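Mind docking chains B and C on chain A? Use the hints.
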Amino acid sequence: MKQTANKRQLAKLIQQVERLAPADKPLNIMEVCGAHTMAIGKSGLRQLLPDNIRLLSGPGCPVCVTHDCEIEVYLELARQRNVIIATFGDLLRVPGKKGSSLADARGQGAKVSVVYSTLDALKLAKKNPGKEVVFLGAGFETTAPTVAMSVIQAQEEGIENFSVYSLHKLVPPVLEALLLDKEVKIDGFILPGHVSTIIGVEPYYFLAREYHKAGVITGFETHDILQGLVMLLGQIREDNPCVEIQYRGGVLPRGNPIARQVIARVFEPADAWWRGLGLIPKSGLRIRESFRNYDTRKKFNIPEPHPDDKEESNKICACGDILKGIKLPQECRLFGRACTPLNPVGPCMVSSEGACAAYYRFTENGGGWNEGR
Amino acid sequence: MCVAVPLKVIKVTGNMAIAELEGISKEISIALTPEVSVGDWVLVHAGYAIQRIDNEEARETVRFLEELYEANSK
Amino acid sequence: MKGDKILLAHGSGGGLSRELIEEIIYPIFDNNGGQDLLDSAFLALEGGRIAMTTDSYVISPLFFPGGDIGKLAACGTINDLAVCGAIPKFLSVGLIIEEGFPVEDLKKILRSLSDTAASAGVLVVTGDTKVVERGSADKIFINTTGIGIVPEGVSLGPTEISVGDLIIISGTVGDHGMAVLCQREGLSLGGQIASDCAPLSDLAELLVSTGGVSCMRDPTRGGVASVLYELARQSKMTMEILNEAVPVHHAVAAGCSMLGLDPLYLANEGKLLIFARQEKESEIMNVLRNHPLGRAGRVIGRVTSRDDSGKVLVETELGAKRILPSLEGEHLPRIC
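Protein sequences, first through last, are from chains A, B and C.
For the first sequence, the positions run 1 to 373 when the UniProt record's numbering is used.
For the second sequence, the positions run 1 to 74 when the UniProt record's numbering is used.
For the third sequence, the positions run 1 to 336 when the UniProt record's numbering is used.
Treat the hints as calculated values from the structure; they're not laboratory data.
You may find that some hints are simply not true.
Unchecked claim - If you anchor each label on the Cβ, the simulated ranges turn out as follows:
1) B/27 to C/3: 34 to 42 angstroms
2) C/3 to A/126: 29 to 37 angstroms
3) C/306 to B/56: 51 to 59 angstroms
4) A/19 to C/290: 46 to 54 angstroms
5) C/327 to A/278: 32 to 40 angstroms
6) A/109 to B/67: 53 to 61 angstroms
7) B/14 to C/290: 48 to 56 angstroms
8) A/156 to C/186: 18 to 26 angstroms
As the list claims (entries may be wrong) - Calculated lysine-lysine pairs in the DSS-like style (CA-CA distance at most 25 angstroms, straight line):
9) A/42 to C/321
10) A/42 to C/236
11) C/321 to A/12
12) C/321 to A/327
13) C/321 to A/111
14) C/321 to A/7
15) C/107 to C/5
Treat the numbers as computed from the prediction; the structure is a model and nothing was measured.
A virtual CB, placed ideally from N, CA and C, is assigned to each residue, including glycine.
Okay, chain A solo, but in the shape it has when bound:
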């Protein structure tokens, strides 16, 4: 089922990109999804693109944008004796305000269980009736329905020692927030494949309609990304921005309506804090009142987060600008020096999917792939 292209096909696609790239002006294309950032880094694609096509990495790594004040909350929960934290592996090493992570907490005796699926988290709750299992619900629209299903299942089966700490974020609102920022200059978006599997095309219409931006929902193989780029460049060249689907095998125009119903049954949109970007209206998901018994915030009386944005831990860190595509990682003064994957300062370095971490990991001297050509 999985299709991979051969070298000649890939070379052909790169030629098409070169042919469609405008000669006169640079184009800023943002890949929104962290998995695209990883795939682009792994393939070495940036080196081969024409100089005037800049691929910018967007805010699409849910782990990176989890606000440090939320991290402090779950680290505090992890320290409680009767609590087992169930989490996807991605969150394990993400540091909070004071630099410590779930992995550190585990070293100090906290019970932290890495799960692959909410199904495993439910099993964990059933196996440990005397403990409270707190599942850290991080992720975008792709992951939210699987977490919502676990809440529904917990209610149906009467599993009372299970709750979800919702850190979920939504993609379209953050794209809109980026476009509202006057400093941001993006010509088109490589839109996330699997988020769109759930939400379909409709939530992106505003990109073209209100902001005149191109968008292509793209798959994750190298040839998918190249084909997505060709389609984007075509929209831009013809000055006909719209939302197209390159990833036709994985995304239907209508998305997955059942998954959306499941999300809507358990969650409601809420304002959310993004690490590096601040508060974005209606960009998160909160558990509805009807499922309050499964909401960690209510169960443990956790107050709404009110981070003081002015106390940003490090003023030099450019992650805010990097998430918006204003700066490239190597343009930050901390990048590769004070800030590395082992010792991350800002959100873009905390997870392997973050823009800075991907640049650091896949390029020589931690950057400079545009100079290399």
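Same frame as chain A, now just chains B and C:
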């Protein structure tokens, strides 16, 4: 959070299914894609099928690559 | 011996300890070269420098497709000697057992350790057993120390690596890591892959005898990527590998895509990563092709230049070159 893998459904039991790739199989939930049946390919994310893969649409990608190849060999 | 569980008293030094050692452990290691098991073993070694290594084995699950912790404890230490060009001769075995551990499992593990050592011509000559309270250890931990002889004239290591050397892997990568992970992550293997756990001393000796090997490693924890990274730094060289040349069993590739992992970072327990002089390529490939543990061997890259910081580049399917990143922290399944 966007890693999803195409797997082939080989057994369905209520809301749960067994899906495999290259002989490696795992139990998944099909609660979000109740229409799937044995033999279907699904996209699996975090233990859940999130989409039945439309074979016709997936073939489009293959066709696209073949056309590229032919264009190239000429 | 009475009872089917290991008790704390089995480690007390008294009668039960003697029972465990004499009735269970000695009969399994009866291939110790006819020595009485005294507090120390006396070894007669001739013909070169002595190489010594030690390693401790902790793994969950204890039994996995293709092996168990006993086989692993023999292979791991034998292979650490073999990759240095040493011919492994003797092993010590230290056991730390959690109270309540089934005697049957202990027997199985020790038998497989013993058989594996014997198959590589290695004698188990001394050992130690401790029993700790429930919860103080996870079932069983094993330490093995190995002693081998490095024949005259053999000198392998990172400092011997030079520009132009070929980088060769003796078979598919990631089999052991995937076999263990699948059990842990609830994936069913369907008999497709098993751990590659095997003693490599015979193959290593044949390879070294070609005179074309500059350095060898067994890419265990952290996988091929981590070993390349380490050797690039130690040898101060730039190494380049071709991604598509790396042999990966299709089921390992499938498991990796299901778990969001990269086979280059998965552990191997029966593979050699060989740095070889280019002019000896055909001899070395011949040795590999004619050995059961090297049939799928392939050249995956080469050492391209000196570089004080030492780096590893990967040529991708696009023909672009990128850095092979080092592993930070545990290699965890990712969903994003």
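Hint by hint, here is what the structure shows:
For residue 27 of chain B and residue 3 of chain C, the hinted distance range of 34 to 42 angstroms is satisfied, since their beta carbons lie about 37 angstroms from each other. The hinted window of 29 to 37 angstroms between residue 3 of chain C and residue 126 of chain A holds, with their beta carbons roughly 33 angstroms apart. The hinted window of 51 to 59 angstroms between residue 306 of chain C and residue 56 of chain B holds, with their beta carbons roughly 54 angstroms apart. Roughly 51 angstroms separates the CB atoms of residue 19 of chain A and residue 290 of chain C, a value that falls within the hinted 46 to 54 angstroms.
For the hinted restraint 32 to 40 angstroms between residue 327 of chain C and residue 278 of chain A, the CB-CB distance of approximately 33 angstroms keeps it satisfied. Checking the proposed 53 to 61 angstroms range against residue 109 of chain A and residue 67 of chain B shows it holds: the Cβ atoms sit about 59 angstroms from each other. For residue 14 of chain B paired with residue 290 of chain C, a C-beta distance near 53 angstroms keeps the hint of 48 to 56 angstroms intact. A beta carbon spacing of about 22 angstroms between residue 156 of chain A and residue 186 of chain C agrees with the range 18 to 26 angstroms that was offered as a hint.
Restraint check: the Cα-Cα separation between residue 42 of chain A and residue 321 of chain C comes to about 9 angstroms, which is no more than 25 angstroms; the hinted pair holds. About 24 angstroms separates the Cα atoms of residue 42 of chain A and residue 236 of chain C, which keeps this hinted pair within 25 angstroms; it holds. At roughly 19 angstroms between alpha-carbon atoms, residue 321 of chain C and residue 12 of chain A fall within 25 angstroms of each other, so this suggested pair holds. This hinted pair checks out: residue 321 of chain C and residue 327 of chain A have alpha carbons roughly 24 angstroms apart, not beyond 25 angstroms.
As the CA atoms of residue 321 of chain C and residue 111 of chain A are separated by approximately 41 angstroms, the hinted pair breaks the 25 angstroms bound. Distance hint between residue 321 of chain C and residue 7 of chain A is fulfilled; the C-alpha atoms sit about 14 angstroms from each other, no more than 25 angstroms. For the hint linking residue 107 of chain C to residue 5 of chain C, the alpha-carbon distance of about 11 angstroms falls within 25 angstroms, and the restraint holds.
This entry does not satisfy hint 13, going by the numbered hints stated previously; all others are met.
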